[in-house]
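What the sequence shown shows, in mature numbering (1 follows the signal peptide of the UniProt record, and there is no 0), is residues -18 to -1, 1 to 341, in sequence order.
In short, the hints are calculated from the structure, not lab data.
In this text the structure is predicted, and so the values were computed from the model without any measurement.
Don't be surprised by glycine CBs; every beta carbon is placed ideally from N, CA and C.
Do not rely on the hints blindly, as some may be mistaken.
As the list claims (entries may be wrong) - Restricting the straight-line Cα-Cα distance to at most 20 angstroms, the calculated cross-link-like pairs of lysine to aspartate or glutamate (EDC-like) are: (1) Lys286 / Asp266; (2) Lys286 / Asp236; (3) Lys318 / Asp203; (4) Lys220 / Asp252; (5) Lys220 / Asp266; (6) Lys286 / Asp252; (7) Lys215 / Asp236; (8) Lys318 / Glu156; (9) Lys158 / Asp289; (10) Lys312 / Glu245; (11) Lys185 / Asp202; (12) Lys215 / Asp151; (13) Lys158 / Glu245; (14) Lys286 / Glu156; (15) Lys185 / Glu321; (16) Lys215 / Asp202; (17) Lys318 / Glu234; (18) Lys318 / Asp236; (19) Lys312 / Glu234; (20) Lys312 / Asp169; (21) Lys185 / Asp218; (22) Lys286 / Glu245; (23) Lys318 / Asp202; (24) Lys185 / Asp203.
Claimed, not checked - Okay, the calculated beta carbon distance ranges per label pair: (25) Ser251 / Gly155: 14 to 22 angstroms; (26) Glu234 / Ser125: 42 to 50 angstroms; (27) Lys312 / Thr145: 32 to 40 angstroms; (28) Gly250 / Thr145: 29 to 37 angstroms; (29) Gly231 / Asn142: 18 to 26 angstroms; (30) Thr194 / Ser251: 41 to 49 angstroms; (31) Gly170 / Gly250: 40 to 48 angstroms; (32) Gly155 / Ala315: 36 to 44 angstroms; (33) Ala255 / Pro143: 35 to 43 angstroms; (34) Asn142 / Gly170: 17 to 25 angstroms; (35) Asn259 / Pro159: 26 to 34 angstroms.
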Amino acid sequence: MSLVVSAALAAAAVSACAASTQVASPSDGSLSADTSASSSAASAPSPASATRVTAPALSASADTGASTAEPSTEQVPVPAPVPVPVTSEAPPTTTTVTTTTTVTPAPAAPPAPPKPTPAPSKTPEAPPPISTPATPVANGQVSGKVVLIDPGHNGANGANPSTINALVDAGFGETKPCNTTGTQTNDGYAEHSFTWSVANSLKAQLEAQGVTVVMTRSSDDGVGPCVNVRAAKGNDAKADAVISIHGDGSSEGDRGFYVMTSERAPAGSDMAALSLNLAGTVRDALVNNGSSPANYLGSNGLWKRSDLAGLNLSVRPTVMLEMGNMRDSKDSALMKSAEGRQQFATGIGNGVLAYLAAH
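Model the full structure from these sequences, guided by the hints.
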């Protein structure tokens, strides 16, 4: 039995060896299909299989028990490798994931754009029209008060030089001419006409509030009266306020109004204080109504004088106003216009009414 097995094993070994070592004949210069396939497999292994050299087969001898190594080859299936995606980037070294999802934070909302600056109007707004504002005192609050209004100069003064040049009492033992012709604008608008117009507008405003108004003259075509007579009219009427209205005659560029009081206090310090209070109240009302204090005389629209007969002879709260410079082109334009004169009258009236209400 052992001899038969040994003979069979030997025959199988010889057959296997012959099959594994077969080569093509030298005449065609090519390998056999088996060798060619083996070479191809060696140069580029198939994903599905590879040639593996096995350990030599052992032929056991029945009588000696020795083993003889018999080389052989066989095709052993090799598991297909897991396909690895080819990317243009090197694979990550810290993760096994070849593709990652990058979470980009949502961009912050952009700041609101600044509000555009409104474009300026092509046409500048027109200044508000000059109008009579509401009277700053209740109707009837100043009823029964007495105000003397003195429109400076007169229309016929220039035609009567002997009368207006006569010397009269000016107070404190001094004398002065009765009156003067006054000044005028460069184109001939007379001061006496200006003062007459403003005085009558002021009169209407005060009378509408119940104030009794006394005028130093009744027309604009007469002579005088003299300065001492004008002062006496206010004293005799026991006026609660005396308002003397004038226009100045200075140089071009000198502009604005100023309010004068007596520096000498002819009726004592108490009356002088009332005059100063009246001046400040009227000054403030004029400014609030759009007029500007003078840029050439006085201080902030106020000026104490010692040489004016109308102030030095009065024993009542008294002020004298120069409403503007009639020789300045801008002031004169305002003084010649009806609207400008009404603006002056309204400012004075508001100040007088405020003063009367407080006293």
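Numbered hints the structure breaks, given as an ascending list:
5, 7, 8, 10 and 30
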